[in-house]
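Enquirer: If you want the building blocks of each chain, they are given just below.
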Amino acid sequence: MADLRSNFIGIKSPNPFWLASAPPTDKEYNVVRAFKAGWGGVVWKTLGEEGPPIVNVNGPRYGAIHGADRRLLGLNNIELITDRPLEVNLQEIKKVKREWPDRAMIVSIMVPCTEDSWKAILPKVEETGCDGIELNFGCPHGMSERGMGAAVGQVPEYIEMVARWCKQYTRMPVIVKLTPNITDIRYPARAALKGGADAVSLINTISSIVSVDLDNFAPMPTIDGKGSHGGYCGPAVKPIALNMVAEIARDRETHGLPISAIGGVTTWRDAAEFIAMSAGTVQVCTAAMTYGFRIVEEMKTGLSRWMDEKGYKTIEDFRGRAVPNVTDWQYLNLNYVTKAKIDQDLCIKCGRCYAACEDTSHQAIMQEKDGKRHFEVMDDECVACNLCVEVCPVDNCITMVRQTKGVDPRTGKAIDPKPANWTTHPNNPMALKAAE
Amino acid sequence: MADRKPDISGKRLTKAEYAVNFTDLHPPLDDHEALVESDRCYFCHDAPCMTACPTSIDIPMFIRQIQTGHPKSAAKTIFDQNILGGMCARVCPTETLCEEVCVRQVAEGKPVKIGMLQRYATDRAMMDDKHPYTRAKATGKSVAVVGSGPAGLACAHRLAMHGHHVTVFEARKKTGGLNEFGIASYKAVDGFAQKEVEFVLSIGGIAIEHGKALGKKLKLAELQKNFDAVFLGLGLQGVNALGAKDDDTAGIEDAVDYIAELRQAKDLSKLPVGRRIVVIGGGMTAIDVAVQSKLLGAEDVTILYRRGAAQMKASPYEQDLAQTKGVKIKHWVAPKKVLVKNGTAVGLRCDYVMDVKGKLVATGETFDIAADMIFKAIGQTYVDVLGGALALEGGRIKADAEGRTSVAGIWAGGDCVAGGKDLTVAAVDDGRRAAESINAFLRA
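Protein sequences appear in the order of chains V and R.
Going by our numbering, the first residue of the first sequence is number 1, and it counts up by one from there.
Going by our numbering, the first residue of the second sequence is number 1, and it counts up by one from there.
By construction, these hints were calculated from the structure, which means they are not laboratory data.
Using N, Cα and C, we set each Cβ at its ideal position, and we do this for glycine too.
Be careful, since some hints might not be right.
What the hints assert, rightly or not - Non-contacting residues of chain R with respect to chain V, defined by C-beta distances greater than 12 Å in every case (computed):
1) 11
2) 40
3) 116
4) 266
5) 404
Said to hold, decoys possible - Facing chain V, from chain R, some residues (calculated, C-beta under 7 Å):
6) 39
7) 367
8) 382
Between the sequences and the hints, there should be enough to build the whole structure, so can you do that?
Expert: Structural data, given as structure tokens:
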């Protein structure tokens with residue numbers, strides 16, 4: 001059995017599956033249920049300043065994108081940070097941590113961007129005995145209008161400043177939660193590092209409007225005829241999160257900065273992918289909100305079985321293994337030639353590959369042979385774009401086969417076994433200059 | 001077996017049992033089921049299902065329209081090709097047409113439920129008060145359509161759409177032809193056939209005259225004189241003879257008549273049915289009469305067919321349905337002699353037969369089977385009421401691909417034409433194509 005234990009910036013948990021700071025971690029009741037179900041840790045729903053708690057809308061908070069059979073693919077929310085009194089939250093955090101000492105207990109915090117505000121709340125949080133704090137610089141809705149959340153996360157200088165205050169006023173490990181609502185995720189990550197943060201977590205939700213009510217011409221969810229953008233999460237955002245995690249992992253400055261990955265983690269496989277992209281832990285929210293806490297069981301057994309099959313004994317054995325393989329386009333091997341191949345035994349003759357290729361790609365698939373319905377790739381037209389593979393409804397029916405010798409029938413050029421990329425390509429004016 | 005009197009009576013079941021037995025064979029899909037099912041469609045290129053449909057409905061398109069929340073657009077796509085798409089959704093042997101070639105049938109043995117989706121879409125459109133088509137400007141031309149079955153209705157609708165005035169002549173007192181009189185009850189519940197007739201006629205411009213059978217009150221020459229064009233959708237009015245001795249004995253019934261009677265019965269408990277039923281035949285009519293007899297409370301129902309299961313015109317699906325309902329199918333048997341007592345048939349003596357180089361030969365062995373009612377379901381024939389006015393081919397009216405007969409100005413379609421597939425959907429296709437041809441002719 002693989003060892004799933006995680007040690008993330010000194011915070012230990014029995015497995016790398018944490019619940020993200022969100023509605024599922026709003027109070028003792030939920031968190032205890034989560035721990036009973038087997039979650040390795042939680043990031044408690046974001047605490048705000050002392051004083052009158054914030055209020056939420058009293059109409060719908062969520063909107064969604066559904067796939068077939070109402071499978072939830074993307075969720076959008078306009079819920080704010082905790083609307084319960086600070087004192088109540090702190091008491092519950094302390095109690096739960098005391099009762100569940102082996103689980104990671106991180107507390108998410110969002111207070112105004114002044115030194116006094118952070119200085120005031122940090123000792124109170126530290127007093128709970130929690131394992132660390134996560135600075136919520138991410139929420140794109142509501143709180144950002146008040147100068148908090150994403151409003152801070154979008155300004156690297158503020159991130160650095162607040163991270164520094166936190167490191168100054170507490171001994172707890174500091175995780176900075178990043179917003180994806182920026183143009184280049186590396187800048188806020190570098191700022192967090194400069195400010196002394198121990199780790200970053202990402203992504204927070206993406207600013208979004210999931211749909212428009214076409215009867216009332218209002219965004220959904222609609223509150224009395226109006227709507228406000230919310231934060232998008234769930235399976236749909238995973239590719240965005242994965243890229244942002246990769247960008248930080250391979251950046252010269254932030255390489256090695258511990259990352260707690262968030263964004264559409266729904267199955268063990270998603271988690272394995274984020275860990276392969278260097279994440280130390282993964283945080284889950286939408287999947288739990290969709291299916292309940294029990295899913296962690298599948299995540300744990302799934303990850304464990306896969307690790308056993310691959311011979312990985314610990315998380316560290318494969319963590320970050322995908323990072324060196326993320327590169328820039330210009331370094332991709334242009335001498336790598338593949339052709340799509342349709343397995344005629346598996347082909348069910350739906351013709352989707354043909355329609356896709358004929359209408360929108362390179363006219364490289366035939367639809368008839370000897371007067372019969374027959375779909376076959378014409379190697380002399382195939383640019384290996386992979387679209388047919390992606391639109392084919394049958395697993396492994398169309399695959400990409402590498403051509404290692406002979407002549408590429410499309411270009412008429414001999415296959416060069418030596419890799420070569422854009423940086424040395426004759427069509428690249430920069431390459432020509434370099435050659436001079 | 002000849003000792004007892006035939007046991008034929010109604011009221012074999014309770015009221016509740018009749019209701020359950022004659023409810024929808026396949027309950028309709030609800031909204032969510034339709035969405036889930038429509039999502040299974042791959043939207044194939046040059047889709048095999050569309051090719052297999054005699055009316056060439058753009059099936060992937062209508063399914064996509066259901067999937068995107070517009071069942072009424074889906075219905076329009078269906079009606080464009082097949083105005084009786086509602087009935088076809090219920091009675092088409094989809095398992096041997098569109099669904100047989102669905103790529104998901106090929107891949108996993110589970111085709112997209114095209115028939116059920118078609119029903120879902122057409123049902124929703126037919127709930128609307130507004131007819132989905134408007135008529136073109138009146139042309140001043142008039143067309144006579146003889147027969148108000150699927151071919152005649154489809155033809156009349158398309159002609160009305162093109163702005164022609166149509167008069168439909170129907171021999172019976174009720175419109176609909178086979179849809180009204182020939183379809184098994186559980187395939188078209190809640191008076192669907194009449195609802196569909198109303199739907200088709202609601203386009204306007206179609207008059208119906210009942211009680212007008214061609215060759216009797218109605219003469220072809222008059223139609224030719226009084227109308228700009230004539231379409232014949234006469235159907236098949238004759239029934240094949242049994243070939244066994246005494247086949248006109250009391251107690252031997254034509255399955256089509258009994259099915260019609262059943263369809264028109266207001267109270268099924270008043271419809272007498274035998275305790276022991278024997279059905280002779282291997283097509284859909286044989287299955288329909290056998291299954292419905294069973295549902296009416298018959299105890300033993302046996303279909304006798306002279307060849308094997310593979311040769312039956314009824315699809316394997318229909319055969320399964322019959323067997324599931326408790327009907328027994330005996331293969332390789334042929335009636336030899338009707339067993340008669342007091343002038344009434346009480347059973348059949350049958351030969352066991354075998355195929356010798358394509359010919360059926362009696363093996364010499366026989367068996368007797370007792371029956372209170374014997375149904376003939378061995379095919380219907382075209383009865384030439386026109387006295388040879390139109391050329392025939394294989395005993396039916398000869399018509400070209402557009403439905404043109406040997407006489408200019410007269411078109412024909414449906415079961416009465418040569419090469420007819422004896423399918424509702426094929427008749428609809430004939431009617432629509434003939435209407436297009438007539439329209440082109442009238443506008444030329």
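Enquirer: Would you pick out the hints that fail for this structure and give their numbers low to high?
Expert: Hints 2, 7 and 8 contradicted; others consistent.
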